[in-house]
Every structure is written in structure tokens, then in C-alpha cells.
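The chain contents come next:
Protein chains: 2
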Amino acid sequence: MSSRALTALKHAEVIVGYKTYVELIKNIIVNQEIISTGMTREIERGAAAIDQALSGRKVAVISSGDPGVYGMAGLILELLEKKGELNNIPVDIIPGITSATSAAARLGAPLMHDFAVISLSDLLTPWEIIEKRLEASANADFVIVLYNPASNKRNWQLKSARDIMLKYKAPSTPVGIVKNTARRQEEIYITDLENMLIYPVDMLTTVIIGNKSTKAAGGFIITPRGYTV
Amino acid sequence: MSSRALTALKHAEVIVGYKTYVELIKNIIVNQEIISTGMTREIERGAAAIDQALSGRKVAVISSGDPGVYGMAGLILELLEKKGELNNIPVDIIPGITSATSAAARLGAPLMHDFAVISLSDLLTPWEIIEKRLEASANADFVIVLYNPASNKRNWQLKSARDIMLKYKAPSTPVGIVKNTARRQEEIYITDLENMLIYPVDMLTTVIIGNKSTKAAGGFIITPRGYTV
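Protein chains in written order, with the working numbering: chain A, 1 to 229; chain B, 1001 to 1229.
No wet-lab data here; the hints were simulated from the structure.
Please note: incorrect hints may appear among the correct ones.
[Unchecked claim] 20 Å max Cα-Cα, derived DMTMM-like pairs, lysine to aspartate or glutamate:
#1 Lys1019(B) / Asp1051(B)
#2 Lys215(A) / Asp1051(B)
#3 Lys1212(B) / Glu128(A)
#4 Lys132(A) / Asp1122(B)
#5 Lys212(A) / Asp1092(B)
#6 Lys1215(B) / Asp1141(B)
#7 Lys1212(B) / Asp122(A)
#8 Lys1212(B) / Glu131(A)
#9 Lys82(A) / Asp92(A)
#10 Lys1212(B) / Glu81(A)
#11 Lys1132(B) / Glu135(A)
#12 Lys1082(B) / Glu1042(B)
#13 Lys1153(B) / Asp1192(B)
#14 Lys1167(B) / Asp1192(B)
#15 Lys1132(B) / Asp141(A)
#16 Lys1212(B) / Glu135(A)
#17 Lys1215(B) / Glu33(A)
#18 Lys82(A) / Glu42(A)
#19 Lys212(A) / Asp1122(B)
#20 Lys167(A) / Glu1135(B)
#21 Lys212(A) / Asp1192(B)
#22 Lys1215(B) / Glu81(A)
#23 Lys215(A) / Asp192(A)
#24 Lys215(A) / Glu1081(B)
#25 Lys1132(B) / Glu131(A)
#26 Lys215(A) / Asp1092(B)
#27 Lys132(A) / Glu1135(B)
#28 Lys1010(B) / Glu1023(B)
#29 Lys212(A) / Asp1141(B)
#30 Lys1212(B) / Glu1187(B)
#31 Lys1215(B) / Asp192(A)
#32 Lys1167(B) / Glu85(A)
#33 Lys167(A) / Glu128(A)
#34 Lys212(A) / Glu1135(B)
#35 Lys19(A) / Glu42(A)
#36 Lys19(A) / Glu33(A)
#37 Lys58(A) / Glu33(A)
#38 Lys132(A) / Glu1131(B)
Bound-form chain A, shown alone (with noise of 0.2 Å):
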């Protein structure tokens, strides 16, 4: 967490979020009001905030890892602009560490060329949209960082997209896989796009998939920049 976010906290007089993230931060907690919800409940906490902000209190909304991706910041912005109140009530994005740098930091250093971040998640996103991104960046050999790669009831996105890559990769292609990354219980693989399957995902999980450079070498993921070394 970035010393920013941590005075955010610290001087918030309500805290809103997701109940598991509100556990990760309970020892900052100290006469803020709570308000969390169940997952999915995205929209309800975004509304909540916006009822406190306007009532003059101060609100933060957190969000695990970088709240502009994937995250509420944008959830925010779209609930305040259809109650015609996004000039209304001051808002302060505070970037954080998204997973795809968290999870690089984990492996090595496997984005240090361009890179391309997609979820698999397709219950807001039409499939074909998402295959029509993983084919075009494996294409352009980009490294490829999956978000959301499986949860209890999508199970056979990971998959495709990894067949995806085959028609562009080669299966000794180096992939990284990093569970609750910088949390407890962490779980680190590095394999390859042929093995990668063998290795359990869930919603917490972020899967690195290198470009045509990419190695592995002592434990680690290395995309060269380009330099002779």
C-alpha cells in the first residue's frame, strides 16, 4: 500500500468495500464507519459512497490492488455522472499495485517489453471480444497478462485462451502463475503454455505469459529489454 492511500484511510470517516478487504485492512481501522458488502455487490457499495459523500462525509472506497483496473474508480465516476453529480462531490483516484506488477515482481521480470492485460471474465464482456483480444495480442507478440482467469462457475476460459496462444506461442513459451499474490498463502508456478493447465487458478489468481524472447532462468521469468548484456 502506497503512503498516500494509508493517509486516505486514516482521515476517511467511512470506509466502503468488499468484506474480504476490509478484513485485509482491519488494523488501520480505528472510528471509521464500515459499510462492506458480498462480491458482486459492486454497484450497491458504489451507491452507498455516493450517499455518504453527499451528506458531507468523507468516503473511501477501496478496491484490492490498482482501483483503475478492473476496480471502483470507474464504477464511481459512472454512478456520480448518472446522478449528474460527478462535479458535485470532490474525487481522488489513488493509484495502488495492480496485480500484473505485483505478479511480475513475483517471477522475475517478465514485463519489461510490451504487454497486454485481459480478463477472462466474461460476464460483463461479450467471449468473442475477449478471443478477439487474445488472438490479435498473441499475434503481435505481446507478453500477455490474464486477469480473473477461472472462478467456481467459469471454468473453461483458461483453456481456450491458452489454445489461443498455442496457434501463436510455442508451447515452451514461459508462463507464470502467482495465487493471492504479496498475501498470505501465496503460490508461485513457473511452467509452459503446453504444462500451464496442470496448475489450480481462481478469481485471485494472475497468469503471465511471456513473448518471443521471454525466458526462464534460475527460478525466474526474464522478457529482455533489448539491451546486449
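Dock chain B against chain A, hints included.
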């Protein structure tokens, strides 16, 4: 800066970095030795850091943003590998907030959906590869984040990139330009593909180009995640 990065700097015996970045953390320096060199001296800095570490000292190599995104992390690992020392020195990569997400936070929420990160610097990468990635990501409707859009010596790449964007994206597509993100003399511009070239850009500028759903409203750029709000 994260608290982990701050702790690492405080515990280091030697800090190695590009002189401009060393300047930014001078308030943290107590009695750590400083090794700083100019820009484009990355390999020299990396080699110096490794020499210090091999002599048994605790070394912190600093990078702006996230060291794993076009930063020093990969080069250090590559140099260690070449020396056959990859598993002889413990390396801890501490993730940071990369410009894609720190610039996004200043603009609103442009990265709420799949995005591609592309460096326009053709010093280490052939322009043909950069061009292919620009084409592929624009065609697949990614939000696109451009790093290193221009320098004193490179002045035509951003126009070329924008011309490729216009083959696939509407001239009215929102574009955000952030110079010196979160530093003194920060500049923020919200414009569109048609007008983006009139703004000043340099190596410390990040350019974010929306997807088909991205909109500009109330001084913010918002890419909807797909919720029905």
C-alpha cells in the same frame, strides 16, 4: 512509494540509480553510499550494483514507477545470469506504481477494461514490431497506453502511432496525456485522437487512448466496465 520500498531503501548500504531519481529520494538518504549515473547508462549502473552486492553489501537499485515495467529489474537479472550469479545473490523485486496506472488515476478511470502497454521508443525495438503491436491492439479495441512517446531525438513516432489508431478508432476517441505524473510541474490534458498532436510530449509523458466505449465527462476519462448503472 510503497512502505516496502521505503523500508528497503532505509536498510540499504548502497543505493544505485539514475541521478534524477536519486534526487527525488534525497530526503530518505541518511548514510547510504550513492552510485548515480546519467541516462542511457543502465548497463553500467547494473554492473556496479552487482559488484557491490557480490562484495557482500546490501544494494538497492532504484527505478521510477515500477522496476518491472521497462525498468531495471530485467536488466539486473540478465546481467546476473550472464555472470553465472543468478542464484548466488538474493534478489527481491519490489513492485511500484507504473505510469499506466498513476496517469490513469489523474485522468479518471480509462483502464477499467482490457488494455495494451506499448513503448514508442525504437532505440531497442525495431519500429516494425511496434507498428504491428499498435495495429493489433487498435484493431482489437484495447485501451492503449503509450510510454516514451517522444524524446529530443525521436519526434515522429507519436504521429505515426496516432495515424494507425485512426484506421481503427474514431477521431473523437478520448485521449489523456499526463506529463510528469504525480511530480512537480505535472500537466494533464484531456483531448481526442483528432487533436492530440498539439500537446507537448516527452520521455516523461504517458498517453492513454480509449476504446470504443470510452467517454470524456466532467473533466474525466471513463471506460465503462460493462455494469448497467
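So, going through the hints one by one against the coordinates:
With a CA separation close to 19 Å, the supplied pair Lys1019(B) and Asp1051(B) stays within the 20 Å bound. For the given pair, Lys215(A) sits about 24 Å from Asp1051(B) by alpha-carbon distance, which is inconsistent with the 20 Å threshold. Our distance criterion of 20 Å between C-alpha atoms is met by Lys1212(B) and Glu128(A), whose separation comes to about 15 Å. With a C-alpha separation of about 27 Å, the suggested pair Lys132(A) and Asp1122(B) falls outside the 20 Å cut-off, and the hint is violated.
For the given pair, Lys212(A) sits about 25 Å from Asp1092(B) by alpha-carbon distance, which is inconsistent with the 20 Å threshold. For the hint linking Lys1215(B) to Asp1141(B), the alpha-carbon distance of about 14 Å falls within 20 Å, and the restraint holds. A C-alpha spacing of about 18 Å is found between Lys1212(B) and Asp122(A), which places the hinted pair at or below 20 Å, so the restraint holds. Distance restraint check for Lys1212(B) and Glu131(A): the Cα-Cα separation of roughly 17 Å lies within the 20 Å cut-off, and the hinted pair is therefore satisfied.
Taken as a hint, the Lys82(A) and Asp92(A) pair is honoured in the structure, with Cα atoms around 18 Å apart against an allowance of 20 Å. As the CA atoms of Lys1212(B) and Glu81(A) are separated by approximately 19 Å, the hinted pair is consistent with the 20 Å bound. For the proposed pair Lys1132(B) and Glu135(A), the alpha carbon gap of about 13 Å is at most 20 Å, so the pair holds. Restraint check: the Cα-Cα separation between Lys1082(B) and Glu1042(B) comes to about 16 Å, which is no more than 20 Å; the hinted pair holds.
As the CA atoms of Lys1153(B) and Asp1192(B) are separated by approximately 25 Å, the hinted pair breaks the 20 Å bound. A threshold of 20 Å between alpha carbons decides the hint, and for Lys1167(B) with Asp1192(B) the separation of about 14 Å falls inside it, so the pair holds. For the given pair, Lys1132(B) sits about 9 Å from Asp141(A) by alpha-carbon distance, which is consistent with the 20 Å threshold. Distance hint between Lys1212(B) and Glu135(A) is fulfilled; the C-alpha atoms sit about 18 Å from each other, no more than 20 Å.
Restraint check for Lys1215(B) and Glu33(A): the C-alpha separation of about 33 Å exceeds 20 Å, so the hint is violated. Proposed proximity of Lys82(A) and Glu42(A) is supported: the alpha carbons are some 16 Å apart, at most 20 Å. The suggested pairing of Lys212(A) with Asp1122(B) holds, with an alpha-carbon distance near 18 Å, which does not exceed 20 Å. Among the hinted pairs, Lys167(A) with Glu1135(B) is consistent with the structure: their alpha-carbon atoms are about 19 Å apart, no more than 20 Å.
For the hint linking Lys212(A) to Asp1192(B), the alpha-carbon distance of about 33 Å lies beyond 20 Å, and the restraint is violated. Annotation: proposed proximity of Lys1215(B) to Glu81(A) holds, straight-line Cα distance about 11 Å (limit 20 Å). Straight-line distance between C-alpha atoms of Lys215(A) and Asp192(A) comes to about 10 Å, which keeps the hinted pair within the 20 Å bound. About 11 Å separates the Cα atoms of Lys215(A) and Glu1081(B), which keeps this hinted pair within 20 Å; it holds.
Restraint check for Lys1132(B) and Glu131(A): the C-alpha separation of about 18 Å stays at or below 20 Å, so the hint holds. Restraint check for Lys215(A) and Asp1092(B): the C-alpha separation of about 19 Å stays at or below 20 Å, so the hint holds. Among the hinted pairs, Lys132(A) with Glu1135(B) is consistent with the structure: their alpha-carbon atoms are about 13 Å apart, no more than 20 Å. Annotation: proposed proximity of Lys1010(B) to Glu1023(B) holds, straight-line Cα distance about 15 Å (limit 20 Å).
Taking the CA atoms of Lys212(A) and Asp1141(B), the gap is about 23 Å. The hint is violated against a cut of 20 Å. Using a Cα cut-off of 20 Å, the hinted pair Lys1212(B) and Glu1187(B) is violated, with the two alpha carbons roughly 25 Å apart. Of the pairs offered as hints, the one joining Lys1215(B) and Asp192(A) is violated, with about 38 Å between alpha carbons and a cut-off of 20 Å exceeded. For the given pair, Lys1167(B) sits about 35 Å from Glu85(A) by alpha-carbon distance, which is inconsistent with the 20 Å threshold.
Note on Lys167(A) and Glu128(A): the hinted pairing holds, with a Cα-Cα distance of about 17 Å set against a maximum of 20 Å. Of the supplied pair hints, the one linking Lys212(A) and Glu1135(B) holds, its CA atoms being roughly 18 Å apart against a limit of 20 Å. Pair hint Lys19(A) plus Glu42(A) holds up; C-alpha atoms about 11 Å apart against a cutoff of 20 Å. For a cut-off of 20 Å, the pair hint linking Lys19(A) to Glu33(A) stands: about 13 Å separates their Cα positions.
Simply put, Lys58(A) and Glu33(A) have alpha-carbon atoms about 11 Å apart, close enough for the 20 Å limit, and the pair holds. This hinted pair checks out: Lys132(A) and Glu1131(B) have alpha carbons roughly 18 Å apart, not beyond 20 Å.
The earlier numbered hints that this structure contradicts are 2, 4, 5, 13, 17, 21, 29, 30, 31, 32.
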